[in-house]
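Peer 1: The chain contents come next:
Number of protein chains: 2
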Amino acid sequence: MVGDVVIGDYRDLDTLRAFARGCDVITFDHEHVPTEHLRALEADGIPVRPGPDALVHAQDKGVMRAKLDAIDVPCPRHRIVSDPADVERFAAEGDGFPVILKTVRGGYDGKGVWVVRSSKDAAEPFRAGVPVLAEEKVDFVRELAANIVRSPHGQAVAYPVVESIQVDGVCDTVIAPAPGLDSELAGQAQELALRIAQELGVVGHLAVELFETADGRILVNELAMRPHNSGHWTQDGAITSQFANHVRAVLDLPLGDPRPRARWTVMANVLGGDYPDMYYAYLHCMARDPQLKIHMYGKDVKPGRKVGHVNTYGDDLADVRERAAHAAGYLRGTITE
Amino acid sequence: MVGDVVIGDYRDLDTLRAFARGCDVITFDHEHVPTEHLRALEADGIPVRPGPDALVHAQDKGVMRAKLDAIDVPCPRHRIVSDPADVERFAAEGDGFPVILKTVRGGYDGKGVWVVRSSKDAAEPFRAGVPVLAEEKVDFVRELAANIVRSPHGQAVAYPVVESIQVDGVCDTVIAPAPGLDSELAGQAQELALRIAQELGVVGHLAVELFETADGRILVNELAMRPHNSGHWTQDGAITSQFANHVRAVLDLPLGDPRPRARWTVMANVLGGDYPDMYYAYLHCMARDPQLKIHMYGKDVKPGRKVGHVNTYGDDLADVRERAAHAAGYLRGTITE
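One line per chain: the protein sequences are A and B, in this order. No gaps in the numbering here: position 78 of the first sequence is 78 in my numbering, and each next residue is one more. No gaps in the numbering here: position 127 of the second sequence is 464 in my numbering, and each next residue is one more.
Honestly, I wouldn't trust all of these hints.
Just some of the chain A residues that point at chain B, by a computed CB distance under 8 Å [stated by the list, open to error]: (1) Gly-256; (2) Asp-257; (3) Arg-261; (4) Leu-283; (5) Met-286; (6) Ala-287; (7) Gln-291.
Per the computed footprint, the stretches of chain B lying under chain A, defined by three or more beta-carbons under 8 Å from a beta-carbon of chain A, are [stated by the list, open to error]: (8) 580-592; (9) 618-625.
A few chain A residues that don't get close to chain B, going by computed Cβ distances all over 12 Å [said to hold, decoys possible]: (10) Arg-17; (11) Arg-195; (12) Glu-222.
None of these hints come from the bench; they were simulated from the model. Glycine included, each C-beta is placed from N, C-alpha and C at the ideal position.
All chains should be built: construct the whole structure from the sequences, respecting the hints.
Peer 2: Below is the structure:
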């Protein structure tokens, strides 16, 4: 088949149905397709992977927290709050402010998330008319991610646990594997992700974003059921990429080896800067580092928008990090040499 | 842009022109587009890379041999022959029969090539009405290929020299790098390919197929100016694949690092066998070897037709070869375990 790409509104069931008619199976690269539309497609006989009963846990943070509580997965202290006064009570029930507020649906990359320092700051999240989840602000030492892939017949593979470095609520850098991570804790994180996938019936890629605390615990921050920014390093750094394994899982094919191909792989996101045309920066980066892997998304460049990412790998972590950071910074225009 | 694929006859200039109107630059994945059509596109102002003046050397074996003679590149003894009696004379000028006859245009994968043992066998090649090239049958110890990529601004990269194993005139297995190859001879082969690319004005990927003789010489067998079967191993075995570097060269971007990522990489072609449906064999191969890379072309399976290839890599050449041969054989149906 040629040109079998359909552009349409993922919130419109008729559009989805017209598209789905030609498909053996459906999957996603974001989790915002309405749960009820996915149920309708399933009722039409189209396999949806991950299915809506699993995906809802990545769509609705309230449903996610309730389920993780029910299966004894360690999470930050949390509950649904009804108004700013209730946020005040939530703070008082624990260590006080600051408190994290999140709308249960629709957020990503720091959108739909507020850090509030008093009940006076807490009005904004309630304006959207979506339930609001309050969470303690965890005093973490760093953020980790455990990426696994699970197939309908129950095979699963676990990628090495990575460190994810956020800047202004947006993922900036991912280091694979997480430097200096205690191997027992790494194993716990992988087992936790595998258990969550099994309990929730996930098919495909599951990213479990984690906080590592100073006292050596891990707490689940977020779930994503699709190839995830914390797994982009696998394109150039793993034997089988997250994209290949997600598709294998969705098609119920045997999964590929998730092990790394290099001692260290670093992914850095390319955000838009002040210059809409990255072409000459792109030439510079390719010429400076012939091993660099640049993955651009074909999006218009806007300040702060994720428009691509770069991967570097090698034996020397400092060198690998410098090369990734240089390329991402040069493309954005924050490094000019 | 979405769905920007045009299916048409590459021998029809109007089709080519309509397609080329939307293109910044044109390249190929085979060399059979008529030279005069490429000249017409160039005259229309569309950059064609490699250009027709270079590409003609991969399209016409007579032109290729004449040029390689002119620049002192070692080749098998050869000349254009006019009829079976002339083949007899060509044999007598050297070591006699067998002699290789090739139509100068249109052959591939053993098609358009005959091994003749007497002038009585030599009628067939002349029937197509295309000039016929006679060549000595070289007593080679093995076949090698030197793959390089050259950009319009003159940057070039050389991949490791590989060994290519043919079965019935069709490439069966490629081993990267060529096992036990004298490093000086490997360097000579790379330099020869770089020199040919420069002399012929090649832009993009150039594969130079070589004979290695018992007395340690290399002779040029064929040229291809496009990503080539002897470079498919680079998809999974090199830092930058031949496909990425060909496109970089065509776009005049800085080239990527051609070095290998594994000690050994082996490519085995998947030929069609007696079973048109390879799906269950595909499942078996993936399950047996989670590191295996299977690349299928989406073609209908016909006996002997190249429908895909597999890549394997690792530190132990015997193991890497066994895995590639097993997968290719299992997919074809010649191995059933």
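Peer 1: Looking back at the hints listed earlier, which ones does the structure fail to meet?
Peer 2: none
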